[in-house]
Amino acid sequence: MDIYDVLIRDFPFLLKGLGVAIALLFCLLVIGLFLGLAICLIQLYGPRSRFVQWPLIVYERIFRGIPIIIMLFIFFYGLSGVYDISAFAAAVLAMGLRSAAYQSQIFRSAFQSVPEGQMLAARAMGMSSSKAIAYIVLPQAIRHAIGPWTNEFSSQIKETSLAYVIGVVELTRQAHYIITSTQGNVLIVFAVVALLYFILNRAGNSALYAFERKLSVPGFEK
Amino acid sequence: MDSDLVLDVKGVKKSYGGVEVLKGISFSLHRGETKVLIGPSGSGKSTLLRSINHLTHPDDGKVYLKGEEVTDSNIDKMRARIGFVFQDFNLFSHLTVLDNVRICQIRVNGVERDKATRRAYEELERVGLSDRADAYPAELSGGQQQRVSIARALAMDPDVLLFDEPTSALDPELTGEVVKVMQQLASDGMTMVVVTHEMSFARQAADEIIFMEKGYIVEQGDPQTLFTGAENERTRAFLNVIAEHG
Amino acid sequence: MDFLSFGLEWLPQLLTGVPITLALWVIAITLGFFLGLALCWARVYGGRVWYWISTAYIELFRGTPMLVQMFFIYLGLPHVGIVFDAFTSAVIAITLNSAAYQAEYFRGSILSVPSGQLTAARACGMSKWQAIRHVMLPQALRRVIPQWSNEAIIELKFTSIAYTIGVVEISAIAQDIGSRTLDFFHVFLWAGIIYLVLTSSVASLLGWVERKTWVPGVTTQ
Numbered sequence: 002m003d004i005y006d007v008l009i010r011d012f013p014f015l016l017k018g019l020g021v022a023i024a025l026l027f028c029l030l031v032i033g034l035f036l037g038l039a040i041c042l043i044q045l046y047g048p049r050s051r052f053v054q055w056p057l058i059v060y061e062r063i064f065r066g067i068p069i070i071i072m073l074f075i076f077f078y079g080l081s082g083v084y085d086i087s088a089f090a091a092a093v094l095a096m097g098l099r100s101a102a103y104q105s106q107i108f109r110s111a112f113q114s115v116p117e118g119q120m121l122a123a124r125a126m127g128m129s130s131s132k133a134i135a136y137i138v139l140p141q142a143i144r145h146a147i148g149p150w151t152n153e154f155s156s157q158i159k160e161t162s163l164a165y166v167i168g169v170v171e172l173t174r175q176a177h178y179i180i181t182s183t184q185g186n187v188l189i190v191f192a193v194v195a196l197l198y199f200i201l202n203r204a205g206n207s208a209l210y211a212f213e214r215k216l217s218v219p220g221f222e223k
Numbered sequence: 006m007d008s009d010l011v012l013d014v015k016g017v018k019k020s021y022g023g024v025e026v027l028k029g030i031s032f033s034l035h036r037g038e039t040k041v042l043i044g045p046s047g048s049g050k051s052t053l054l055r056s057i058n059h060l061t062h063p064d065d066g067k068v069y070l071k072g073e074e075v076t077d078s079n080i081d082k083m084r085a086r087i088g089f090v091f092q093d094f095n096l097f098s099h100l101t102v103l104d105n106v107r108i109c110q111i112r113v114n115g116v117e118r119d120k121a122t123r124r125a126y127e128e129l130e131r132v133g134l135s136d137r138a139d140a141y142p143a144e145l146s147g148g149q150q151q152r153v154s155i156a157r158a159l160a161m162d163p164d165v166l167l168f169d170e171p172t173s174a175l176d177p178e179l180t181g182e183v184v185k186v187m188q189q190l191a192s193d194g195m196t197m198v199v200v201t202h203e204m205s206f207a208r209q210a211a212d213e214i215i216f217m218e219k220g221y222i223v224e225q226g227d228p229q230t231l232f233t234g235a236e237n238e239r240t241r242a243f244l245n246v247i248a249e250h251g
Numbered sequence: 008m009d010f011l012s013f014g015l016e017w018l019p020q021l022l023t024g025v026p027i028t029l030a031l032w033v034i035a036i037t038l039g040f041f042l043g044l045a046l047c048w049a050r051v052y053g054g055r056v057w058y059w060i061s062t063a064y065i066e067l068f069r070g071t072p073m074l075v076q077m078f079f080i081y082l083g084l085p086h087v088g089i090v091f092d093a094f095t096s097a098v099i100a101i102t103l104n105s106a107a108y109q110a111e112y113f114r115g116s117i118l119s120v121p122s123g124q125l126t127a128a129r130a131c132g133m134s135k136w137q138a139i140r141h142v143m144l145p146q147a148l149r150r151v152i153p154q155w156s157n158e159a160i161i162e163l164k165f166t167s168i169a170y171t172i173g174v175v176e177i178s179a180i181a182q183d184i185g186s187r188t189l190d191f192f193h194v195f196l197w198a199g200i201i202y203l204v205l206t207s208s209v210a211s212l213l214g215w216v217e218r219k220t221w222v223p224g225v226t227t228q
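Protein chains in written order, with this note's numbering: chain W, 2 to 223; chain E, 6 to 251; chain D, 8 to 228.
Same shape as in the complex, but just chain W:
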């Protein structure tokens, strides 16, 4: 029986692939989070000089305009020619830098939906601009950002599957290995793989939704 083969004999391999996918997801989201937030803060509060702002715009355009598959190849072949870099590291870098380009936009519109009066009042009370950002604007921006951030999380889970193309042995490539080595039923293997992604996506969404509820404050409900 094919289905039992997949569920019992092959499942440990799929789980191993799932683990790699989750590790990739975690690393790329963390890079995207910090870099994206930094980009957003420079865009909103940094020097207005063109020499600072233009490179950021170009950065966002490039990473948002080129398919992730192409980016993966560029990073993988570009870096492995110079450094001894693993496919996983290349994927983390390409996808993390790309996620930063998306997250910076998420944060930017979240910061912009905090009314100006909030910053003004904080400054009027004697807070420096960095304190006002840290204690007043950022906590509100996070509440605006978490919904769109959940969407970014979902798309990134699915896009980890594309690291397959440069040979990262994540869930989808594990599935391929299983199919080629066991002549297993392609339909069932991919159905199980799809289900795993689906569950991971759902679990992540529920966790983020719970976080959103925990932070929820009257006046910020959507």
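What the hints contain is simulated information worked out from the structure, not anything from laboratory work. On a predicted model such as this, the values are computed, not experimentally measured, just so you know. Mixed in with the good hints, there may be bad ones.
[Unchecked claim] Taking CB as the label site, the calculated pair distances span:
1) Y210/W <-> D193/E: 47 to 57 Å
2) G72/E <-> P219/W: 39 to 49 Å
3) G132/D <-> V31/W: 52 to 62 Å
4) Q154/D <-> E144/E: 27 to 37 Å
5) G194/E <-> S130/W: 28 to 38 Å
6) E144/E <-> G148/W: 20 to 30 Å
7) T37/D <-> V83/W: 35 to 45 Å
8) G224/D <-> S8/E: 31 to 41 Å
9) K215/W <-> G72/E: 42 to 52 Å
10) V83/W <-> Q154/D: 38 to 48 Å
Glycine included, every Cβ here is placed at the ideal spot set by N, Cα and C.
Based on the hints, put chains E and D in the right spot on chain W.
The following block gives chains E and D in isolation, referenced to the frame of chain W:
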């Protein structure tokens, strides 16, 4: 030097896009005094008030707080000593009432948490809202929000309180509670500058009324004199219009 | 310079992938548009059974990677006797995936049209269908343009996934040139530039459509 002098504004000028909205304003404020700024909209009252703590950066002129000049380098320290109450409250919307009154004590003045809490409750008591300490701004009426914002300013122990049309964003039936709090503060000896259209407040609480028009101080004097026999024709005209509509 | 001379030599061949990429994209998002409208219709107006069917569909396709969907169709379905060529498989996968997203954007914009608009249309004698056709859709479609544009550009980039099942579009040609020249880095840089030009042009085109159809009050800006 006059030891009771709290605020000294000297020749403050401000232009927006070539239009001069403040044409060299000077006035001073002593401890315990309440001065009310009145005048038609666009006369520069709010701009003047915001120039005092540099929310609007003056183009020229100087502001002294207790003899110390307000400058770009000491602005955060000075602002902590100058309470400011906004027309649209600007309570921090992600914080409870209690935290709104505590946060700047803790983060700006470095007051210890327990002490800040006690102080917050004192000030909330003063504006009659200590029972709403756990509410969020969105759960309060406009009048209540404005009273919290007054408590927030008071908790910083300011040398002077500036009110920028504190009742203009409120429904008419809610202005009373805010005016009452302000009157109480005035009679408690708080030092305040108030921009307002509430003539009843000006009449009862002001030590001096400053009438502004087109970026100038047209006339100033105690309420009695100004309301009964203003020297300047424009002041009289303005007060008549206000009397009819207010 | 390496980069330039490489481009001069191989760009013409890379560009032969552009029509395939664009064909894949246009066919898929157009079919996705109609399927998306139908799904949205089923979810908003279809009653209980249709609501659940369309919701399950949307959740399933939004919850799983396009790559897996494409493999499922191209490599999996033949096991039960359903065989599509690579191009058709890619079109089906992108269509089905895109429809799920488009349906959600349509739904969001339909729900954002104030209910008073439909009531007013009915009050002046329009039938339900007329009210939807003449009052609700013109507003809903305008509101959906920005999100729809984003979605269309995402799908344009996703067409590159079709190379994994052997559709000869830009990425596959790049891969092929790479294995012949052993210079994968430069060929993918050039492929990236081609995609960047495509996505930027599509973005400006859709931005132009948005400005052309702009009506005060219905959408912001």
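Here is what the structure says about each hint:
Between Y210/W and D193/E the beta carbons are some 49 Å apart, a value that agrees with the proposed interval 47 to 57 Å. In this structure, G72/E and P219/W meet the distance hint of 39 to 49 Å, their C-beta atoms being roughly 44 Å apart. Take G132/D and V31/W: their Cβ atoms lie about 59 Å apart, and the range 52 to 62 Å holds. For the pair Q154/D and E144/E, the beta carbons lie near 33 Å from each other, so the given range of 27 to 37 Å is met.
Between G194/E and S130/W the beta carbons are some 34 Å apart, a value that agrees with the proposed interval 28 to 38 Å. Separated by about 22 Å at the C-beta atoms, E144/E and G148/W satisfy the suggested range of 20 to 30 Å. As the Cβ distance of T37/D to V83/W is approximately 43 Å, the hint placing it in 35 to 45 Å holds. Checked against the given bound of 31 to 41 Å, the beta carbons of G224/D and S8/E, roughly 60 Å apart, lie outside it.
A hinted range of 42 to 52 Å for the beta carbons of K215/W and G72/E is consistent with their spacing of about 49 Å. Distance hint check for V83/W and Q154/D: the Cβ-Cβ separation is about 40 Å, which falls inside the suggested range of 38 to 48 Å.
The structure is inconsistent with hint 8 alone, although it conforms to all the rest.
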